[in-house]
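J.: Those protein sequences? They're chains A and B, same order as listed. Sequential numbering of the first sequence, starting at 1, is according to UniProt numbering. Sequential numbering of the second sequence, starting at 1, is according to UniProt numbering.
Everything labelled a hint here was simulated from the structure, so no lab data went into it. Do not rely on the hints blindly, as some may be mistaken.
DEER-style ranges, computed between Cβ atoms [to be verified]:
{"id": "1", "chain 1": "B", "residue 1": "Asp448", "chain 2": "A", "residue 2": "Arg17", "range": "34 to 42 Å"}
{"id": "2", "chain 1": "A", "residue 1": "Gln34", "chain 2": "B", "residue 2": "Arg91", "range": "30 to 38 Å"}
{"id": "3", "chain 1": "A", "residue 1": "Thr243", "chain 2": "B", "residue 2": "Lys17", "range": "50 to 58 Å"}
From a predicted model like this one, the values you see are computed outputs, not experimental measurements. In this text, a Cβ means the ideal position worked out from N, Cα and C, and glycines have one as well.
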Amino acid sequence: MTATATSARSDLSELGRSETALRAFLHGLPGVDQVGAEQRAAQLGTRSIKTTAKAQAIDLAIRMVDLTTLEGADTPGKVRALAAKALRPDPADPSCPHVGAVCVYPSMVPYAAEVLRATGPGRPSDGPGPGSATGRPSDGSEPAGGAAPTGLGGVHLASVATAFPSGQAPLEVKLADTRAAVEAGADEIDMVINRGAFLAGRYGEVYDEIVAIKDACGGADAGRQGRPRAHLKVILETGELATYDNVRRASWLAMLAGGDFIKTSTGKVPVAATLPVTLVMLEAVRDFRAATGRQVGVKPAGGIRTTKDAIKYLVMVNETVGPDWLDPDWFRFGASSLLNDLLMQRTKLKTGVYAGPDYFTLD
Amino acid sequence: MFEYAPAPESRSVVDIKPSYGLFVDGTFVDPTDGGSFKSINPASEEVLAEIAEGGSQDVDRAVRAARKAYEQVWGPMPGRDRAKYLYRIARIIQERSRELAVLESLDNGKPIKESRDVDLPLVAAHFFYYAGWADKLGYAGFGPDPKPLGVAAQVIPWNFPLLMLAWKIAPALATGNTVVLKPAETTPLTALLFAEICQQADLPAGVVNIVTGAGETGRALVEHPGVDKIAFTGSTEVGRAIARAVAGSRKKLTLELGGKAANIVFDDAPVDQAVEGIVNGIFFNQGHVCCAGSRLLVQESVAETVLESLKRRMARLRVGDPLDKNTDIGAINSAAQLARIRELTDAGAAEGAQQWSPPCELPERGFWFAPTIFTGVTQAHRIAREEIFGPVLSVLTFRTPAEAVEKANNTPYGLSAGIWTEKGSRILWMADRLRAGVVWANTFNKFDPTSPFGGYKESGYGREGGRHGLEAYLNV
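The following block holds chain B by itself, in its conformation from the complex:
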């Protein structure tokens, strides 16, 4: 046997402070009522830092700082000067990417391989991309001189903490808005390090404000009357509540919510690559991906072959220490999320689907869930309908392309879909019929800042990324 010796990335590259305040108006401040919570490492349950909990007064302070910066500095600043700051931030992110990647893996539980090779390169690319737009907004197709909205309230999830921050802050700043951002309560650390990067880049005070906290802090932020625009990524349930809260107000809203994507494998698919795509689709980032390919629709005539290959491949997945460079699957982000995954998988087993996981040893401390597939799943099972947001794949079969489309669309969500076939005409035929914001052909989970991303139906509205992503932050 060829056993890989442990190859841990050093955590000494990052300096975590014992406690963090709120980042308001260019400095770290204590919260008005002094509340705090702890951020832990989900792989070990060790406390990483004490984080300030922002209350409504803190939110108000941050929104007012953002308003002042918008009116006095950032709004009037020429696009090319805003671009300079964004380029500077992008370069600092690249320079400090190892530090950020280690911190992301510590706080989130994702393998260092992914934070290093996926998250961080995309974060920097996003800032570079939107920096390029800052002085070219007149050519984006929204009129000769499109104006910003003002103050953007942004609430982001815990699955890609820094990447979601980049998706929100880069286009907002490029178009001339200022922001108040609330990171998720389980993963605030990279956002706070980003605040230090803003200071390092000499970004004018108040342009970026970061208020940490949980649901109540988020509610205070989106309901604040001084906010012109709300961008939210997270669960459909919270998205609905936000939509209700802003109904009838002048606030512009974009939502990027849940998904239950179908990954559709036809009998003429390149099997080995399709299996890689299935694995990447559902086990990337422990399945904590809104666009995860959590339903595998495989043509019945090749189901046995594909499943056999898939199981063989899954047996090779290395679950464990997120900081080990050879880890493929890290820790589940929180105890609450682990409980949610267990509840749904228990329901899957109780409803008669067959559960399978490769033999794998899970660490004793921390939150872990082995990569799992369910076969014999039908559209009537809860695991085929509800978003599990974990490393759990439901396998369904189909007979014809029309049936594949029907089953793929038979969900309240519509964020993404995957098609695996060697036939180009079928890819186009399917893509026309799938009600999903992104359709990947012979690949999955491919992201690029130039490509718009967003959903249909209960997966939300509005697009992030690309030229389309500018619209959400412009008064058009």
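This is chain A alone, in the form it adopts within the complex:
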């Protein structure tokens, strides 16, 4: 870390103290030209990923999946089955990697934790979890995905908190929601930003709320351990922010406030993750690291259903921010049906034939 980067970091940390400074900074970011961003995303979508590159991409994508169920109808049984699948996506093939995380509502966290812990190697004090096998930056910046205790069979346990998906609840409720999820065993919290406040231009309010939730990620004994127990993914709900300029500002706002990941969508509004939105967010994390030295992860979520789509995202990561982000610690897919398509394509590559959908588990 150079001296300049350190001073730049302290400069930016002051921004949250004043609404005016925050506004001036966010509105001073370079604009995004809509046509140009969409054209670039479309160009990257034409890359042809075949044979060995495709096999590599599929395994990486499986490791990046946040296997998600966020339904009113979720039950302990459903969540246990999902967690089992996260650990062994393809029971017929032990070489198939496990997914990145399971993502559930706070009330379902205990059931997922139960299944994941049963196979877990123990608490992080017992030694590095499987997640640590992946490259860790040595410059002191904390890997986002590895900041929290694993001990869950290498599969992280994420929970959506803060009155997901609308975020329309009093702050105290959101904080309680977050603490409850962490206490129940979640090591990743997916929070939603206050879009109402963001669109009304009250950036300070959005910022303060993220800071408060980040604090609550420490659970009931926040602050005493010196580091949070869960790492924080900040959902921007880009479909409601509408413009790429807003996406870029919200990305910076979330990163300045301490988010470990920025995530596109809840999956609960009509427009979820898109390639151009993800491009703008990747550019933001790239520029943020250049300015502050801190690396932040990106998670597109919602609407990514096919291997072809997932590979387009990986190509975009590769060519926009480079190999540093090509790791489940720094890039995730929020998805439910994507996993089975990845498994199907994986089997096709290995055997040369497509197996029917009945050969892949439906959990």
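For this one, chain A is given, so just place chain B on it according to the hints.
T.: Here is chain B on its own, set in the frame of chain A:
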């Protein structure tokens, strides 16, 4: 690392014959004096085919065939019937686009990604667009019943072989002219495949004639007394010679020549998209683009940021096999062009500009040049004044909008310009002052058949494309 495995487009989709004759009066014929030359693949230096070299007698034969077709068939034919043929040609081009794209990449060296996604869609669109005009010429603003000129002599360059053919042939045929076209000597193959498409479309004999050859063939064609109209796209030097040759004759002339376009980036520009625009402006088609944004004018206050982003982006460019679907930059079209690029870049380095290229491995055989930028360039450098026609960008800085305009206009050329700013009023202010035929705002190298294209000053005269493009082929 995420390495992309090779993803080559199959070349078996196209059938290249060992030799090609001249396409005159609806059939392939041998040249009178039997001369020939070879067309090679610039990515491998492999010989693709033996091509007939047309002499003055062959040109005469082709012009007479075109005259006969004009007088007896194509001229008197109602516009709506001409349109049917043009629509038919457009559809066949779409149907055979993969074949044409592969052939274009083989013969020219451009990446398949570009021939497939840019050249071929635009070629078909051009024929569709002008097919639509054929029966509506009375409404184009050139009088109630504008007449064609007769026989058009068309000489096209090697950078977009099939696209330039479309720009020339589609409006000529739509307005009722017949043509004799000479493709460039390094890239004749797609024009010859187009001749087969004319046969497939049952186009009446003599309406389209294709005479292959080099400079002498071109000279014979433009100097032929039976020609009513000349359309040329190519170098300013040859354009001048043509203008001299036709001076005092009744031949109507349009020229589309060189350029040294300024791509102007202001401090409030959307940086990431501007960098894409810079890359697209100069590295698209290996920089073999007359309207390439070969001078980057960047506001001094953001020069460092923009250059840093540009270098990072350039390091991602994939140079190599034109037929690989993931290739961004293909081969330089010919040894002669590569020598020209080397001469100018050597001059740039000798004159004190700083040269930079990303680390990239170039294939051993074939003609290759790594994407290159020169910083510390001033208006006094040769690389800021002369057209390099290769993947080489000269970077200059400016302080105020007025200075940007002054520097952008300080060139003998005037084909295109680009402006990058979030301020709409500044775009309009600049566009009014830039002496360039095309001004792109927050984009670059955007083409559409409905939009006229052409230059100021030494970039030529006349417009191609759009309603304006009809005028060059009408007796008005």
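J.: Can you list which hints this structure breaks, lowest number first?
T.: Of the numbered hints, just 1 does not hold.
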